Amino acid sequence: DAGVIQSPRHEVTEMGQEVTLRCKPISGHDYLFWYRQTMMRGLELLIYFNNNVPIDDSGMPEDRFSAKMPNASFSTLKIQPSEPRDSAVYFCASSLSSGGNTIYFGEGSWLTVV
Amino acid sequence: DAKTTQPPSMDCAEGRAANLPCNHSTISGNEYVYWYRQIHSQGPQYIIHGLKNNETNEMASLIITEDRKSSTLILPHATLRDTAVYYCIVRRQAAGNKLTFGGGTRVLVKP
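Residue numbers (the numbering used here), protein chains in the order written: chain G, 2 to 115; chain A, 472 to 582.
Isolated chain G, as found in the complex (with noise of 0.2 angstroms):
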């Protein structure tokens, strides 16, 4: 089974550029999360889904930032404008509810703000 799947892998974008990560959960998974990861904050949760409506984003850091899900097999991540401080990795993960609850991650995009 594909695992959850995340785009780009890698991306590099200057200061005031709109960036888009986007995530693909595992198939018939109801909850998706976002999660951002650095060195000085390790990682921490920025906003979460169930049934693709979003349940807890209070973890978003500021408006800049905005998350959606438009189905229960995509959603984004979008940064506008984006701050050399954004830069960070930035994972998808999903679990399904009646499975255990156990959370998959994707491999991360990894995203440098210039």
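If you are wondering where the hints come from, they were derived from the structure by calculation, not from laboratory data.
In this text, all values refer to a predicted model and were calculated from it rather than measured experimentally.
Hints may be right or wrong, so weigh each one.
[Said to hold, decoys possible] Here are some of the chain G residues that sit facing chain A, going by a computed Cβ distance under 7 angstroms: (1) L44; (2) G109; (3) T113.
[Stated by the list, open to error] Calculated lysine-lysine pairs in the BS3-like style (CA-CA distance at most 25 angstroms, straight line): (4) A/K523 to G/K79; (5) A/K474 to A/K569; (6) A/K540 to A/K569; (7) G/K69 to G/K25; (8) A/K569 to G/K25; (9) G/K25 to G/K79; (10) G/K69 to A/K569; (11) A/K540 to A/K474; (12) A/K523 to A/K569.
All C-beta atoms, glycine included, are put in the ideal place defined by N, C-alpha and C.
Given the structure of chain G, go ahead and fit chain A onto it with the hints provided.
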């Protein structure tokens, strides 16, 4: 969710068992112990979880003390590819409960 305490780093010899400790003295009755690892440049990988009984799968064994205040992850025959940061996380299994990551233990398997 209860907090966990892990040693920041440890070394182990290739081919030997690696025993990774974790303290979770404030764990609640409905909280599970989860272990994940993160190999460099990869996403966190689920290893194993348990409530109060010892658990074993193809990757590792999880030993939870009777009072559930601590646990040990055992990698039976460590290989160089087991070098990673290992996270012990306490979490209720209810739907939607997030994983809160601490600093983990950086494990270096040496030849």
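Status of each hint after checking the structure:
1. L44: 4 angstroms, holds
2. G109: Since chain A brings a Cβ to about 5 angstroms from G/G109, closer than 7 angstroms, the hint holds.
3. T113: At about 14 angstroms, which exceeds the 7 angstroms cut-off, the nearest Cβ of chain A leaves the hint on G/T113 violated.
4. A/K523 to G/K79: This hinted pair is violated, its Cα atoms lying about 41 angstroms apart.
5. A/K474 to A/K569: 13 angstroms, holds
6. A/K540 to A/K569: Holds, at roughly 21 angstroms.
7. G/K69 to G/K25: 12 angstroms, holds
8. A/K569 to G/K25: 18 angstroms, holds
9. G/K25 to G/K79: Given that 25 angstroms is the threshold and the Cα spacing comes to 15 angstroms, the pair holds.
10. G/K69 to A/K569: 18 angstroms, holds
11. A/K540 to A/K474: 11 angstroms, holds
12. A/K523 to A/K569: 20 angstroms, holds
Checked against the numbered hints above, the structure violates hints 3, 4; every other hint is satisfied.
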